[in-house]
Structures are given as structure tokens and as C-alpha cells.
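**Q** Protein chains in written order, with the working numbering: chain A, 1 to 259; chain B, 1 to 259; chain C, 1 to 259; chain D, 1 to 259.
Rather than coming from a laboratory, the hints here were simulated on the basis of the structure. Hints may contain errors.
Identical copies look the same in the list; a pair holds intra-copy or inter-copy alike.
[To be verified] In the DMTMM-like style, the derived pairs of lysine to aspartate or glutamate whose C-alpha atoms are separated by at most 20 angstroms in a straight line are:
{"id": "1", "residue 1": "Lys-3", "residue 2": "Asp-169"}
{"id": "2", "residue 1": "Lys-229", "residue 2": "Asp-120"}
{"id": "3", "residue 1": "Lys-133", "residue 2": "Glu-146"}
{"id": "4", "residue 1": "Lys-118", "residue 2": "Glu-231"}
{"id": "5", "residue 1": "Lys-232", "residue 2": "Asp-94"}
{"id": "6", "residue 1": "Lys-133", "residue 2": "Glu-20"}
{"id": "7", "residue 1": "Lys-118", "residue 2": "Glu-23"}
{"id": "8", "residue 1": "Lys-105", "residue 2": "Asp-117"}
{"id": "9", "residue 1": "Lys-133", "residue 2": "Glu-26"}
{"id": "10", "residue 1": "Lys-13", "residue 2": "Asp-169"}
{"id": "11", "residue 1": "Lys-105", "residue 2": "Asp-135"}
{"id": "12", "residue 1": "Lys-110", "residue 2": "Glu-129"}
{"id": "13", "residue 1": "Lys-160", "residue 2": "Glu-249"}
{"id": "14", "residue 1": "Lys-105", "residue 2": "Asp-241"}
{"id": "15", "residue 1": "Lys-41", "residue 2": "Glu-240"}
{"id": "16", "residue 1": "Lys-232", "residue 2": "Glu-109"}
{"id": "17", "residue 1": "Lys-236", "residue 2": "Glu-109"}
4 protein chains.
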Amino acid sequence: MWKTAITKIENEKIFVRGYELTELMESCTFGDIVLLMATGKMPHLHQGKLMEAILVSCCDQGPLPPSTNAARFVASCGVPLQAAVAAGILGFGDHHGGAIESCAKLLQEKVASAEKDKIDRIADDTISEFAAKKDRLPGFGHAYLEVDPRAEKLLQIARKHISPHRHIDLLQALEERLIQEKGRHLAANINGAVAAAISDLGVDWQMGRGIFIISRSLGLIVHALEEMKLEKPYKKVSIEDMEYIGPEEKEVPIRLEPS
Amino acid sequence: MWKTAITKIENEKIFVRGYELTELMESCTFGDIVLLMATGKMPHLHQGKLMEAILVSCCDQGPLPPSTNAARFVASCGVPLQAAVAAGILGFGDHHGGAIESCAKLLQEKVASAEKDKIDRIADDTISEFAAKKDRLPGFGHAYLEVDPRAEKLLQIARKHISPHRHIDLLQALEERLIQEKGRHLAANINGAVAAAISDLGVDWQMGRGIFIISRSLGLIVHALEEMKLEKPYKKVSIEDMEYIGPEEKEVPIRLEPS
Amino acid sequence: MWKTAITKIENEKIFVRGYELTELMESCTFGDIVLLMATGKMPHLHQGKLMEAILVSCCDQGPLPPSTNAARFVASCGVPLQAAVAAGILGFGDHHGGAIESCAKLLQEKVASAEKDKIDRIADDTISEFAAKKDRLPGFGHAYLEVDPRAEKLLQIARKHISPHRHIDLLQALEERLIQEKGRHLAANINGAVAAAISDLGVDWQMGRGIFIISRSLGLIVHALEEMKLEKPYKKVSIEDMEYIGPEEKEVPIRLEPS
Amino acid sequence: MWKTAITKIENEKIFVRGYELTELMESCTFGDIVLLMATGKMPHLHQGKLMEAILVSCCDQGPLPPSTNAARFVASCGVPLQAAVAAGILGFGDHHGGAIESCAKLLQEKVASAEKDKIDRIADDTISEFAAKKDRLPGFGHAYLEVDPRAEKLLQIARKHISPHRHIDLLQALEERLIQEKGRHLAANINGAVAAAISDLGVDWQMGRGIFIISRSLGLIVHALEEMKLEKPYKKVSIEDMEYIGPEEKEVPIRLEPS
Chain A
1 MWKTAITKIE NEKIFVRGYE LTELMESCTF GDIVLLMATG KMPHLHQGKL MEAILVSCCD
61 QGPLPPSTNA ARFVASCGVP LQAAVAAGIL GFGDHHGGAI ESCAKLLQEK VASAEKDKID
121 RIADDTISEF AAKKDRLPGF GHAYLEVDPR AEKLLQIARK HISPHRHIDL LQALEERLIQ
181 EKGRHLAANI NGAVAAAISD LGVDWQMGRG IFIISRSLGL IVHALEEMKL EKPYKKVSIE
241 DMEYIGPEEK EVPIRLEPS
Chain B
1 MWKTAITKIE NEKIFVRGYE LTELMESCTF GDIVLLMATG KMPHLHQGKL MEAILVSCCD
61 QGPLPPSTNA ARFVASCGVP LQAAVAAGIL GFGDHHGGAI ESCAKLLQEK VASAEKDKID
121 RIADDTISEF AAKKDRLPGF GHAYLEVDPR AEKLLQIARK HISPHRHIDL LQALEERLIQ
181 EKGRHLAANI NGAVAAAISD LGVDWQMGRG IFIISRSLGL IVHALEEMKL EKPYKKVSIE
241 DMEYIGPEEK EVPIRLEPS
Chain C
1 MWKTAITKIE NEKIFVRGYE LTELMESCTF GDIVLLMATG KMPHLHQGKL MEAILVSCCD
61 QGPLPPSTNA ARFVASCGVP LQAAVAAGIL GFGDHHGGAI ESCAKLLQEK VASAEKDKID
121 RIADDTISEF AAKKDRLPGF GHAYLEVDPR AEKLLQIARK HISPHRHIDL LQALEERLIQ
181 EKGRHLAANI NGAVAAAISD LGVDWQMGRG IFIISRSLGL IVHALEEMKL EKPYKKVSIE
241 DMEYIGPEEK EVPIRLEPS
Chain D
1 MWKTAITKIE NEKIFVRGYE LTELMESCTF GDIVLLMATG KMPHLHQGKL MEAILVSCCD
61 QGPLPPSTNA ARFVASCGVP LQAAVAAGIL GFGDHHGGAI ESCAKLLQEK VASAEKDKID
121 RIADDTISEF AAKKDRLPGF GHAYLEVDPR AEKLLQIARK HISPHRHIDL LQALEERLIQ
181 EKGRHLAANI NGAVAAAISD LGVDWQMGRG IFIISRSLGL IVHALEEMKL EKPYKKVSIE
241 DMEYIGPEEK EVPIRLEPS
């Protein structure tokens, strides 16, 4: 019933992607294991370090994002921790973390399809392509911040740890063009930077949202525990924060059967 | 692997608790089937009608409860409908709908343990018992409303449809004592009324939260769809609604290894 | 913060789509309220009855579907009921209940776009269209059953309760063509029948998955409670049911830093 | 509306527990940040390394645990990744990962309440206490493995990195007594080892389940992606794996009203 290439359990031992788990515990960081499980290959030390920085970069953004709101509302209801965290994770949809996936897909497809091309040429084409379909490039701009400081820092760390880094090059080439055209508020955001970094680490774009889930689950957990410990049960919005825009009061028409 | 007393699939037919599903579709209401599945017995028409009224009574309470907030925040994130609804349902914990369960447990235990006793005597004892342990009786009082109009109406409908109704009698005997002692705001709420009504319908208290899930999932669905259709993606709390109470800014101490 | 056209809370009263909830409790079935909340309009008695039959039709399919499996596995882990139910509901994706949505979308678009056309003509065009793109029509065929008895019964009940029923007519015209071409196993399934019935009830296709969630949550709840009461905690697949197809055992290469 | 001591957003910068996130990205591992967010204090390098080993130790246990089953069943249903992962996380209840929490609570209470006592004395008392109430000590024994190799390795790594380690001492004192009395299959399992290690790292027991969520979410993600890529949609249990133990087929009694 369950066929898997991930983990083997045999003779009282657990093997992950072929390596004995107890040995991995001794010689690998969690970032290494994220890469090992995602790609099937043991990463170099520098690849593992970059993955650690990625995991740090997305760990929390305060109580503002909708996922954290969902987690804290649920945490106030008298539930076990995992229920509040799951509610938050459910929010990691196309509009929240999902841009890592779509941006990584874009970068991976563009870099793969035009391998010998110059990055600049791909960037120009991509900008034109999105302009033509009046679509927004995923991974640029931020809801709260004018420029996302995490993105710049992550790209800098990535350039230090790995080379070549053609996906990062493409992301930055796109960024240059967007800023030139539309202003600084369209710099690469953390989603874009993570997308480029994991692409250069050999991670499939489908895993992009997964990296975000692992990292941000930390923030969700700590927020849920804070809500449980410090706030009153059953967090409620005040009645004044609600505006009713529906139909006026009316009589229920006569309907004989139900009662 | 799966042993079950609920549903049989045989010869291209589906049987629920022994009855062919297509026949149930023709002769039963959904309220009937909730009772059939919960108790294993085909209810009388009046029992089914009371269950329908119960399902109607809990269907929505506007966008204020934490479950609805969680569902709408998640719905704003670019996710399929079921993800937003699941996030809301996760909030049906001990402080939100859970009182149906605890109140039904209390009523069922009290009524069962003292069958020949007078209801008044049980009510007096229960009040004393909770006073002694300084605990609040579940199923009384409401967060927004002074008196919960749904509770009164549901108990009235229940008395019309079924008899005897010893659990309702006990709930109302408790209510009388609480109001006398502490005021009208401690009248039975909808959780208490549902708890008493399902108890008189022969439904185990463990199913209490389940009844609430079925009914309120309707409200969650309609709110999630409203959020998806009418509001902008990625619903965000404004930065002014956040108050930081943590430690001051400080330097990261020198830690040589990671980068 | 919360703008809504669904529910108003005012002067200690709750109004749903303009009607006072306590009055709805007295004169409406749950099926009526599903329609009222979904469409904003008070349904006729026969429309409400059809909705009740729809809710009955999807209530359970035994322990076989992946959603029920997920709910029962989670229920075995020592969690509150709502967590197990939410896990099951998360499975109501594009391949599980989602066909109600896609089939209803198809039927509503076809019927709306060609109002004066004959149903037969639309059916022919739709069959050709899907054949050309080598796509499968949603709402036909069943994973376990040769013919889905619930579909036939639901369509029969629907024809009795409402008229006209152009979406049902289109579904059945499509079914005729599919059966003629490919055999009886491509008869309309319950997803298709529900899609057609809710379309004739004036329910938007986006709500299709919602109807399924409400109905099937009943099955998930009863299965989760059965698992909790009758089975041992931590339901586990036996090690023999697992087949490892990954890489052979290998040594962890020397990686100096982590420990 | 949101008061928090976790994260501050100010002047285009994000501060976590007082430290600027971009600086943390440069000098900390993810394990460091887990500790920083959980305890509010910047850990020493060795504490961070132990946390990394903890995160590695729980990352996967193959497709056998109920959480992984739930995640893979949901993953087969045509849903986004986060929905499958959330379904798996919902299974981290009292019987699955929850022992980290209960074991850490026990160790922390025992060590705190008897600080000057000898560990051996506390261990003897705890064994007697649990024997008296016929309860099982959380954190010992394993469902599949005779001895859990991860536990032994983790305790060894922990002893190398931190000192004193009174919670680990207590866990091992309890283990000695259990093995002597009941055999090797009652050695500390990974839950017990993680519980002791995080306790010596100064992490509150309430966070225990959180550590497991972060680590195992990696396994859930990789399994969900494997299911989506390699298996057919709508994973279904075969009808032969189901055993019906409910009532015999019977006629629906005459019930006039519903249709």
C-alpha cells in the first residue's frame, strides 16, 4: 500500500534517503536534512548553511499576516497546539507564501529553457512577457515594507555560499528592470529571494511552499502559545468592527410544514 | 483494516445503519439522518424535526466568533474552500461550541445517576457542587447577548416535539436557580439548549460538538465565499493594531560559526 | 474590519439574510436555510425538500474514501473531534467532491450561454469539446460502483420537486451520449447529480463543494467517533504494507562542522 | 488588538525577541532561532547545535505513522501542499508526539520541585507514583522498534553539548529502573529523549509538541509531494479491507411527510 523512496525502517534502524538517521543526527544540521530530503542528495556544508539562513529568514513576521491571525484566533478557543498551528498553515495559499512556488517555477523554467542564453536576455523577455499579459511577476513588492530587508540579506548570503547562482542572477536582473520602470517598492521580496536561493540549491519549485511551511511553523507555534498563555479565551471581534450590508429585516413568509 | 458499524457497500448499493441510502433519500430529512447515524435508530418524525431546528439554530453568528475570523483570514489567502472551512472548524474547541459537549455530559450523567430523584433535587445538588469547586456551569451566559434568544426558542420547540424531556427540565431548573442568584445574563445559552435537546433525543454527549460542526460549517462556508468574492486577497491587520511589548532592540552577540 | 451581507446582530437578535433566526428555527428546515444562506432568497418548500435529499445523499460512503481515512487516522491520535473532522474535510479537493464544483460550473456556463438553444445541441457540442481536448467530463463514472444508485434517485427526486430543470436535462443528455459511446460505467455519479440539482436550485457553482462539506461532515464525525470509541490509539499501518524503493544504504560523508 | 512580545516591525525592519532579523540570518542557525523564539534568550552555540540534532532526529519515520497516512491520503485528493501537511499535523495529538509534552512536563516538575534532592531519589518516587496509579510513564517504549536508536544517540549528543543536564539524568534514571523491572523494550524513546533535551535547554514543556511539529513537518511535506508526484489521485482502500459489523439490512418504515 505504501511505496516510498524516502525512508526505510529495517533491523531496528531508520534510514533517510539511504543514510542512517542516527549518523545524520551527528553530522548534519537541520538545513542539511531539509536539502537531503528534498533533493535526495547530501548537500555540501555551504549549501546546508544557506538553507539554514533561508529557514531563519521566514520564521516570523509578527501577528499581522492572515495565517498568524488564524492561528491565534483558533488558539484562543481551547484547542491543542497542533490545531492552532494547522489553522495557520492552511493560510499558506497562493497569496501567502505561494509566491515562492510560482516565482521558483518561473525562474527554473526560464533558466532551464535558455541555458546558453545570457541572463539579461531572459530577463528582458520575461518582463515583456508579463507586461503583455498584464500580469504581476511573483516575488516582488511587499505588503507592509517599502523594501524587504530580508530579501537583500538573503541574496547576499546566498552569493557568498554558492556559485554559480544563475537563478539569483535572473531574479536580480528582473529586479533591476522592475525598479527602473516602477520604483523601489518593487524590489525582490523574501518570497522571491527564497525562490531564487532554493532554485540554486537544486530544490524543485513544488517544494518552495514546503520550505516556507517549515520555517513559519515556528512563528505560528510561538504566537499560538503566547495567545494561550497571555490572552483571554475566545478572542472576539467587537460588534462595532462589523458592518452589516445585507438586506433589511423582513418577515418569514408562511411556510406550513416544518414545525 | 477498517471495521465499521456505520455503512455497508454491497452489490452496488450503499446501506447506512442498515437502511438503503436511496430509500433514506426519499423518506428522510437530513435531521433524521443525523439522528440515525448518531444513535443507530430511525427517529420519529418529531425527533427529526427537532434536530432540524437544532441545525438551524447554530448555523451562523456573523463574522464575530473566532472560528469565523479564522475561516475568513484563511479564505483571503488564495486557498480552496475546504481549507478555509477546516481552519474555522479547528476553532470549535472547549471554549467555542465545546460547551455543548460538557453541558450534555453533565445533564446526561446527572439524569442517569438519579433517575428516580426529582429534577429539583438534582438541580440543587448540581448548583452546590459547582459552587463548592468554584466552577462555572457550562451552557449558561453569552459573550455578546444579554439573553440568547435562540436558546429560549429551541427549548420551546423541543418541548413541543418530544416528551418526556428530563434533560431540558434539568437545564431549566438549573437556569432558574442561576438567574435567581446571579441575574438574567446567566440564562441558558444556545449551547446549553442544544445540549439538553440532543440529550432528550438520545444522542451521546460526545456527538454534541459534532452537531455544532455540521450546523456551523454552513456559516463558515458562506462567510469564506463572501470573503473570496468581495474582499481583497491577503486580509491584513494594520500595523497600528499591533502593540509590541517585548524586549528592546539589542545587538546579536558575536557567534562565530554559522556563516 | 468585517463587512458582511450574511448576518446582522442587533438589539439582542440575530438576523440571517434579513430574517430573524428564531423565526427561521420555527418555520424552516435546515435544507431551507442552506438555500437561504447560499442564494439570499427564501426557497419554496419543494426547493428546501430537494436540498434535504441532496444533504442525505452525500452523508457517507463508508470508511473507504481518502477523507474518511484521514479523519480516522487523525482520530486515533488523541485529539479533539474537530481536529479529526478538519483533517477529513481537507481532503475534499479537486479529486474528491470537487467534481460537484467543476460539473456545476460547466452546466451553469453551458445553460447560461445558450439559453435559447436546445439542450441536445448543447450536449453534442460539449461532448465534442471535451473529446477534442481529450478531457474527461466531471460528474460521470464512479470509483467503486458500476452505476451510482444515488445519482439516479436524486435526479428522480429533483424532477419531482422542481421545474423547469434545464441543468438536470443537460446532465442527462450528456449521460445518454457518454453511455452510448463508452458504456454504463460512465453514468452520472452523485457529484454530477448534485451539481445539476443545485444548479436548478439557483445555487452558484462555487458553493458546490460547500454542500458536500456540510453533508459529508456528518459521515466524518460518526466515523471519527467510532474510531475513538472502538479502536486502539495510534492506528498504524503494518511494516509489511510498506515497500521501500529508494537508494541503498550508504555512509554519511565526512562533514566536519556540525557537531 | 494584537499585543505581542515576539516580533516588532518598525522603520522597515523586523526584530525578533529584540534582535534584527537580518543580523540573525547572518549569525544564527535555525536551531538557534527555535531556542531564541521559544525562550526569549540567545542560546550558546552548543545549545543551538543540540536543537539542530533534535530537529534532525524527528524529521521522518516513513509512511507508517497515522499523521503521515493522513497527509498522504489528503495529498491524493487534488489539494495544495499546505492542506495535506495541515492534515498530518492535526494528528500530533496526545498519542503521537504528545508524549514529548507530557514527559517534559513530568521531568520539569520533578526536577523543579526537588532541586536539592538526589536524582535517584526522585526517580524512585516517580516510579512508585506511576505504579500506584497504574499509569504508564510517557516517553518510554516504541510502537515499531524494540529499542529506539534515535533516543540513545540524542541523549549522547546532548550530554556532549550541555552540562548540567539534570532532566536527562532523571530520564536515564527512570529508564534504568523501567528496564530492570520490565525489559529493554521500555527504554526511553525519541519522545522521552527530546523531552529531556529541551528541558535541559530551558524550553517550557508546552513548546514540546511545537518542536515535534517543526521537525516532522519536513517529513510530512516530502511524503505529500511524493504522493502527489508518484501515485494516482484519490488513494482508495480496497473494499476487501473493510469489514461491516453493523445491523442487517432493513426496510425504511413508512414516514409520510418528507417527500
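**Q** Hints first: check each against the structure and report whether it holds.
**A** Here's how the hints hold up against the structure:
For the homomeric pair Lys-3 and Asp-169, neither the shortest alpha-carbon distance inside one copy (38 angstroms) nor that between copies (40 angstroms) is at most 20 angstroms. In this assembly of identical chains, the alpha carbons of Lys-229 and Asp-120 never lie at most 20 angstroms apart, being 52 angstroms within a copy and 33 angstroms across copies at closest. Neither within a single protomer nor between protomers do Lys-133 and Glu-146 lie at most 20 angstroms apart by alpha-carbon distance, with minima of 25 angstroms and 45 angstroms respectively. Taking the shortest alpha-carbon separations for Lys-118 and Glu-231, neither the intra-copy value of 55 angstroms nor the inter-copy value of 38 angstroms comes in at or below 20 angstroms.
Taking the shortest alpha-carbon separations for Lys-232 and Asp-94, only the inter-copy value of 13 angstroms comes in at or below 20 angstroms, while the best intra-copy value is 32 angstroms. In this homomeric assembly, Lys-133 and Glu-20 never come within 20 angstroms of each other (Cα to Cα): the closest approach is 49 angstroms inside a single copy and 39 angstroms across copies. With identical chains, the CA atoms of Lys-118 and Glu-23 are never at most 20 angstroms apart, being 42 angstroms at best within one copy and 33 angstroms at best between copies. For the identical chains of this complex, Lys-105 and Asp-117 are intra-copy neighbours only, at 18 angstroms inside a copy versus 43 angstroms across copies, given an alpha-carbon limit of 20 angstroms.
Taking CA atoms no more than 20 angstroms apart as the test, Lys-133 paired with Glu-26 passes in neither setting, with 51 angstroms inside one copy and 38 angstroms between copies. In this assembly of identical chains, the alpha carbons of Lys-13 and Asp-169 never lie at most 20 angstroms apart, being 42 angstroms within a copy and 25 angstroms across copies at closest. Proximity of Lys-105 to Asp-135 under the C-alpha cut-off of 20 angstroms is restricted to the intra-copy arrangement: shortest distance 15 angstroms within a copy versus 25 angstroms between copies. Taking identical chains as interchangeable, the C-alpha atoms of Lys-110 and Glu-129 lie at most 20 angstroms apart only when both belong to the same chain, with a minimum of 12 angstroms there against 32 angstroms between chains.
For the identical chains of this complex, Lys-160 and Glu-249 are neighbours neither inside a copy (65 angstroms) nor across copies (27 angstroms), given an alpha-carbon limit of 20 angstroms. Neither within a single protomer nor between protomers do Lys-105 and Asp-241 lie at most 20 angstroms apart by alpha-carbon distance, with minima of 40 angstroms and 35 angstroms respectively. Taking the shortest Cα distances, Lys-41 and Glu-240 never come within 20 angstroms of each other, neither inside one copy (55 angstroms) nor across copies (27 angstroms). Within a single copy, Lys-232 and Glu-109 get their C-alpha atoms no closer than 49 angstroms, and across copies no closer than 25 angstroms, so neither meets the 20 angstroms cut-off.
In this assembly of identical chains, Lys-236 and Glu-109 lie within 20 angstroms of each other by CA distance neither inside one copy nor across copies; the values are 45 angstroms within and 32 angstroms between.
Hint compliance for this structure: hints 1, 2, 3, 4, 6, 7, 9, 10, 13, 14, 15, 16 and 17 are broken, all remaining hints hold.
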